[in-house]
Amino acid sequence: MKDMNEHRVGDVTDTLCRCGETHKGHICWLSRMELFIEIQHLTDNPTVACSECGAKANMPHNVCFPKPLGDE
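Under this note's numbering, think of the first position of the sequence shown as 1, with each following residue one higher.
If you are wondering where the hints come from, they were derived from the structure by calculation, not from laboratory data.
For clarity, every value in this text was computed on a predicted model and none was experimentally measured.
Where a beta carbon is used, it is the ideal one built from N, C-alpha and C, also for glycine.
Possibly wrong hints are sitting among the right ones.
Said to hold, decoys possible - Below are the DSSO-like pairs computed for lysine-lysine, each with C-alpha atoms no more than 27 Å apart in a straight line:
#, residue 1, residue 2
1, K67, K24
2, K67, K56
3, K56, K24
To be verified - Label-pair distances were calculated between CB atoms; the ranges are:
#, residue 1, residue 2, range
4, Q40, P60, 26 to 34 Å
5, E34, G70, 28 to 36 Å
6, P68, C19, 13 to 21 Å
Taking the hints into account, I'd like the entire structure generated from these sequences.
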């Protein structure tokens with residue numbers, strides 16, 4: 001497994017998130033980078049889900065399109 005501090009970004013496509021922004025930290029980007037330990041820490045008590053992919057996270061800023069859990 002990769003460690004977040006050891007990952008070197010090779011080009012912009014490595015930082016391009018599913019939502020189209022160039023950043024790091026969303027669950028989909030962390031998954032793409034195989035940073036599963038980091039994902040585990042950000043999803044252990046989910047309060048939101050991404051309305052696009054369904055990923056659950058503790059905080060809204062960790063998914064692309066957050067919606068509170070339980071919203072239909």
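Now the hints, each set against the structure:
1. K67 <-> K24: Holds - the C-alpha atoms of K24 and K67 are around 19 Å apart, at most 27 Å.
2. K67 <-> K56: 10 Å, holds
3. K56 <-> K24: 16 Å, holds
4. Q40 <-> P60: 26 to 34 Å: 18 Å, violated
5. E34 <-> G70: 28 to 36 Å: Because 30 Å falls inside the window, the suggested range holds.
6. P68 <-> C19: 13 to 21 Å: 18 Å, holds
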